[in-house]
Amino acid sequence: MLLTRILEEKLVSLYRGGQITGGVYIGKGQEAVSVASGLFLKKGDIFAPLIRDQAGRSAFGEPLVDVTRTYLGSRLGPMRGRDGNIHRGHPRDNELAMISHLGAMVSVTVGTLMAKRFNGEKNFVGLTCIGEGGMQTGAFHEGMNVAAVERVPLVIVATNNHYAYSTPNEREFACSDLVDRAMGYGYEGYSLDGTDLAACLEVIGSAVEKARAGSPPQLVVASVLRLSGHGEHDDASYVPDEMKRQPFARDCLKVAEETIINQKLASPETLAGWRKEAVAQVEEAIAMAQKEPVPEGNKEDWCALSTRDLLDHPNDEEGLV
Amino acid sequence: MSLTYLEAIREAQAKLLRDNDHVFIYGQDVGGTFGGAFKATKGLAKEFPGRVLNAPISEDAIAGTAIGAAMQGMRPIIEMQFADFSSVALNQILNNAGTHYWRTGVPIPITVRLPSGGTKGSGPFHSQSMESLYAHYPGLIVMTPATVEDAYTMLIEAVAIDDPVVYCEHKYLYYHLKADKLPEKGLPTGRARVAREGRDLTIVSYSAMTQESLAAAEELAREGLEVEVVDLRTVKPLDTDTVLASVARTGRLLCVGESFPWGGTTAEVIARVTSLGFHLLDAPPQRLNAKDTPIPYHPNLWSAHRPNAKNVVAKARALLRE
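Going down the list, the sequences are from chains A and B. For the first sequence, counting from 1, position 219 maps to 320 in my numbering; every step adds exactly one. For the second sequence, counting from 1, position 288 maps to 303 in my numbering; every step adds exactly one.
Simulated from the structure, these hints should not be mistaken for laboratory data. Using N, Cα and C, we set each Cβ at its ideal position, and we do this for glycine too. Be a bit skeptical, because a hint or two may be false.
A few chain A residues that face chain B, going by a derived Cβ cut-off under 10 Å, partial list only [to be verified]:
hint, residue
1, SER114
2, MET180
3, MET245
4, GLU251
Here are some of the chain B residues that sit facing chain A, going by a computed Cβ distance under 7 Å [stated by the list, open to error]:
hint, residue
5, GLY79
6, TYR116
7, GLY154
8, GLY205
The shape of chain B in the complex, shown without the other chains:
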């Protein structure tokens, strides 16, 4: 048996619906015989009648209904058809879900699935990575799984958490990653994973950029350079300890993220490492993000816009020369 990252997300939701009567799925096109724009809920409406519901094109109301349902003890999973469209629901997610526990003492256990990141030809409004924006606000957990196994166990974990979770699933990984079987349990939420060990340089990344970083590390290994790759898994909470421990081993840090460069997750990692582990660094920490423009449509432009194994290699080489 071989499962893709996308199938793992579907399997996780099937398990959640099976195991917990309070789980339901709400979003555009998730129900009926269609099963979602990416088929992440394929077959679930039939298997779980009345619990996988199509919603109107109303991202704000989708998030709002999930918040209300969660107050009454449900465990809603909502799918934003593309992460980009969750901008319409920002108010509900940030100002309603994110503040509710702090204000009232009543947590809001919703899981917001965001099909995230770029794929060829998707352009400015179907390619965005929103994790840094959500992580900026208090009261939310932000997950960014980079493997099939994590896609599965982290989604199950997301629904179990009493607080709102923004689950960023990467569309490029949907079909590109496969695993032989799904694990029962993953690492605890908030724990980063050393995806590859090395002693010369630490690359901190998450989501699809972990895969690009691993490919870069593989290429650099042919030149005898040993790169350690840390996969953050969740960008919030951010596992500073694992990152610092890695930098302590290598003395060099490169952060790779697919979202826009200003502020954000890579900046946060570098701020923490320089603040807490300046003495561990042998060279100025570096980062690589997408360019500070909207995400382009044409494949030639798109592949130059986002970080990829090739420019990760170039950036890593430059840092290793310092």
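Next comes chain A alone, as it looks inside the complex:
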């Protein structure tokens, strides 16, 4: 959580300084839910993170340098400058690379789990993240349903951060509680205070274990407030002050740090040490990516197929490109 917060603060300042092209999308306020989503997955499990899941990605094992390389467009990053910011992944290591179309990764995750079953693997689980905004797409509905039909060990962690970009909950859905949908789809559902790290660890950890053990698919709906704009281009001025005073608007990182101090789990000095260590790691990852080569149009391999002999425009000289 701390590492993510520091990393994302750095990314924001790089963006404001004009060093990141495209956009920066952070998970401020959602780190507790996200970190719990990545933390209980083991090697061989599938993780399909979404836009605000830096903490989960790191917990799942994504190297920090993947993040900085992707944001800074390094040719050595996992996306090689071909895609940016949060649209990154390592499919071969079971960290799926999201597309922007919300809900699309749910059925893809289901497919990975079906394949594992076909291949005779055991004790695996898949976890995919979504927001309350993405929960309103047709793709999300189809994916959620098909997971239950195929009886795959899936956990959906849905974070209601109260805004789909600028649109508040009352213009997003009309049911009293999104977790009620679990029953309608044949899921087991849980509500979660996403500002409470201990609760996140308990509820999401338990959902992962239940899915792994063969329970029906699991739906966790966490409540938080997005403590940033949709992206860093957005000042979120549409969020009323009253909303910011709601219990779900607490900053999960502050709450966690206070709890740690109050319960004497670690001293303030230890916490400061963690912060210092995180800053050093982030600065190293940024410095590394900044030194690396960026892609160049005239050197790029403009080939969208792995079967190269089936390229439609084998060379530019034909004048077809």
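Using the hints provided, position chain B relative to the given structure of chain A.
Quick look at chain B alone, frame taken from chain A:
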């Protein structure tokens, strides 16, 4: 023994399931004792238990699960009950499958079977030809077999290819085409076929329109006109070389496609020929497509909406007079 185009598709899938444990079939009504709306998977669920699975009416999720399974090493074949309904799955096919290799370096070997094209009485939502739309997007192979033999070998080839393949099988050809036996091997993917030789005019077509074009060529032959018919086989990649070589022989080009006229495969062929082989042309290249309206229900309207041997003949005659 005589096999239809539809039976060839079934036989290809049986062979694929037999030869490769990673192949499975997923789609609406493909499993159980039913075997598909057109029976393209008849008997396969029984022969290959657990590998031919009915899916809910969720085209997006059908494509999405196939993509996920392919990432994990499977070779899924998905059937969209009608090509028209694949519009619901466009996002997964174009934006997820089509971009994945470029973005991540990990290819997505899925085969999307699209029962395509018009048949009498099928109307606006069970008749569409979507090949041009899929071909427009990067990262996909688009196959349009026009013969029983190609229906068989190209489907086997589609599953072998590491990239996503959109396999457009024509419903009109399902029962109308027959072959005595199935070949072991066809032409390489991406190679067009000269279906009939001629020296006066080249007709470039694919899928069911190849059959209409061949019938037109037969009729024109009675008048002493020799029409060469090129069957593209795959619209992407498009075999520009074979098309240009044919135009070099005939000097005249007519492109025939069943999909809507705006943009599309026939336009692409003409753009390439005029760009690369303008000097080969003795007359302006022409094309014939369906009309720019939704596909009509009534047989009288439908037969006037899509290209057929009769209007191919008329268009060819006009072009030969130029």
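Evaluation of the provided hints:
1. SER114: violated, 27 Å
2. MET180: Because about 6 Å separates MET180 (chain A) from the closest Cβ in chain B, which is inside the 10 Å limit, the hint holds.
3. MET245: holds, 9 Å
4. GLU251: holds, 8 Å
5. GLY79: holds, 3 Å
6. TYR116: TYR116 (chain B) check passes; min Cβ-Cβ to chain A is 5 Å, inside 7 Å.
7. GLY154: holds, 4 Å
8. GLY205: With a closest approach of 5 Å, the GLY205 (chain B) hint holds.
Going down the numbered hints, you'll see the structure goes against just number 1.
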